[in-house]
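Enquirer: The listed protein sequences correspond, in order, to chains U and Z.
If you count the first sequence from 1, position 126 lands on 128 in our numbering, and the numbers rise without skipping.
If you count the second sequence from 1, position 185 lands on 195 in our numbering, and the numbers rise without skipping.
Think of the hints as simulated: they come from the structure by calculation, not from any bench.
We put the CB at the ideal spot given by N, CA and C, even for glycine.
Warning: the hint list may mix true and false statements.
Claimed, not checked - Simulated crosslink set (DSS-like; lysine-lysine; CA at most 25 Å straight-line):
#1 Z:Lys156 <-> Z:Lys81
#2 Z:Lys190 <-> Z:Lys106
#3 Z:Lys234 <-> Z:Lys190
#4 Z:Lys106 <-> U:Lys9
#5 U:Lys63 <-> Z:Lys106
#6 Z:Lys234 <-> Z:Lys263
#7 Z:Lys135 <-> U:Lys63
#8 U:Lys63 <-> Z:Lys141
Stated by the list, open to error - In silico negatives: residues of chain Z with every beta carbon more than 10 Å from chain U:
#9 Gly142
#10 Glu252
#11 Ala265
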Amino acid sequence: MFLALIKKDLLLIRRYVVLLIALNLSVPFIMTMNTSFVGPMGFFIIVSATAYLVLIATGAKEMQYPRAASLLCAAPYSRGMMVLSKYVVIFLPYGFSCAAFWGMSFLKPQIGGMTPGMAVMGFLTLAVAVGIYMPLQFRLGYEKARYLIMAAYLVLVCGAPMLSTAVSNSVKTGALQAFSGLFSSAAAVLEGTAPAALAVGLLAAGIAALAVSVGASVAIYERVDLG
Amino acid sequence: MNILEVTGLCKSYRDFALKDITFSVPEGCIAGFIGVNGAGKTTTLKSILGLVRPSAGQIRVFGLDMAKDEKEIKDRIGVVFDDGQFYMELTLKEMKNVLAAAYSSWSESDFAGWLDRFELSPRQKISELSKGMRMKFALALALSHKAELLLMDEPTSGLDPLIRAEFLHVLTDYMEQGGKGVLFSTHITSDLDKVADMLIMIDRGRIAFQEEKDALMDSYRIIKGDPAMLSEETRKLFLKLEENTFGFTGITKEADRVMKLMPGALSERAAVEDIMLANLG
Chain U
3 MFLALIKKDL LLIRRYVVLL IALNLSVPFI MTMNTSFVGP MGFFIIVSAT AYLVLIATGA
63 KEMQYPRAAS LLCAAPYSRG MMVLSKYVVI FLPYGFSCAA FWGMSFLKPQ IGGMTPGMAV
123 MGFLTLAVAV GIYMPLQFRL GYEKARYLIM AAYLVLVCGA PMLSTAVSNS VKTGALQAFS
183 GLFSSAAAVL EGTAPAALAV GLLAAGIAAL AVSVGASVAI YERVDLG
Chain Z
11 MNILEVTGLC KSYRDFALKD ITFSVPEGCI AGFIGVNGAG KTTTLKSILG LVRPSAGQIR
71 VFGLDMAKDE KEIKDRIGVV FDDGQFYMEL TLKEMKNVLA AAYSSWSESD FAGWLDRFEL
131 SPRQKISELS KGMRMKFALA LALSHKAELL LMDEPTSGLD PLIRAEFLHV LTDYMEQGGK
191 GVLFSTHITS DLDKVADMLI MIDRGRIAFQ EEKDALMDSY RIIKGDPAML SEETRKLFLK
251 LEENTFGFTG ITKEADRVMK LMPGALSERA AVEDIMLANL G
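Input sequences plus hints: build the corresponding full structure.
Expert: Laid out in structure tokens, this is it:
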């Protein structure tokens, strides 16, 4: 039952699947032309681009057929199941991205190795990003959520130089000393933690973020009047 | 036994509200749910299916409470929406696979039989189907999981008379299996003249009436005559009256009294559409 919903989303975005595969197989090679993009940075760029494409593609399809969800909800599919399937569909390509990057790094070592830590950090980053976006999409709809995220991104990009200046000024004046003390303590804790335990902790944090996000999305979608 | 019971259903929007909707559909009955566009037919059906959340009221299907047994109830309901509401770029088979997985009693042989009867190919894309073919596909899906209640929202709107006739024929066949029920919303009332056992009318978010069709049709008459026959007293007996220099046409529930007062007038059987229009607020 649940698999049928996942399969449905994959069928709807099948045109993008070729693009996703091409992206995952070609971009690591392209990135070796610029050494600053190899290794973890390259991996995160591929993972985030893949997830973004899937997120946009699935959202666009639901927007294209807004009343199809009513037909599924009129069948014995629960709304919770429908929400959960969306998360799974977004995270499925992540597994592929990890496997592809790992395989490609064997073929071309300049890409940089794929470590479990990279996979965990990628998962955590994705979990937080998707965890924030999905409830927004269920609450506001695909179009508004996308604009909101784009606006947030623009604010971030435009605000970064100002933030950077403010931070360096604050460091000079000592205003950030309390914060830097906090960061130093956190870093010391992380450095003192065994890598495996850290990976498990980050993985758990990602799963927890997703669990909270799925819960919020289900609660929102349960109250939505379907067209 | 009632297969569907709706009691005190309320749902408010900014510019429209369902107010205290109460009606029932007995087993073995095709109930026509009539009303003009915007009267609240679709909102009522969507509330029954839990697609919109009512602010008050209770929905019982097969004696079960929709609020508690939603999954079991939906497993036993077949649904047909006005335009199918499909993912248009999927093929019939792909769409079927999505829905079939949700039903515990899905029958592949029934589905294949319906596709055969409707001359549909599972390999066709839904976007390539005409509206009539899409509705046939919707009906095939609704009838392939041993549904005991069919809920249909304007299934015949926009269809040509031939397909509508076939659609109604399928409904009649379905009812002959016994133990079934149909709630069929439409504003094409001529379809209901042919197949409905009961009529439920909604107007501006309120139930105007629920009656057995034959009894309802017997209680209304169309009266035609010369405008000179009309008096202050007789005018009050009509629910709706149209006059011009050549004559008048009115609809009444008091035909005997009218005919006594106007012996020369012509009395005709009213159609469902006449009754619906007479009951608009």
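Enquirer: Confirm or reject each hint.
Expert: Status of the hints after comparison with the structure:
1. Z:Lys156 <-> Z:Lys81: The hint holds at about 15 Å.
2. Z:Lys190 <-> Z:Lys106: The given pair, whose Cα atoms are some 23 Å apart, holds under the 25 Å limit.
3. Z:Lys234 <-> Z:Lys190: Not satisfied, since the Cα-Cα distance of roughly 40 Å exceeds 25 Å.
4. Z:Lys106 <-> U:Lys9: 12 Å, holds
5. U:Lys63 <-> Z:Lys106: 18 Å, holds
6. Z:Lys234 <-> Z:Lys263: 14 Å, holds
7. Z:Lys135 <-> U:Lys63: 16 Å, holds
8. U:Lys63 <-> Z:Lys141: Holds, at roughly 21 Å.
9. Gly142: Fine: 18 Å to the nearest Cβ keeps glycine 142 of chain Z off the interface.
10. Glu252: 37 Å, holds
11. Ala265: 42 Å, holds
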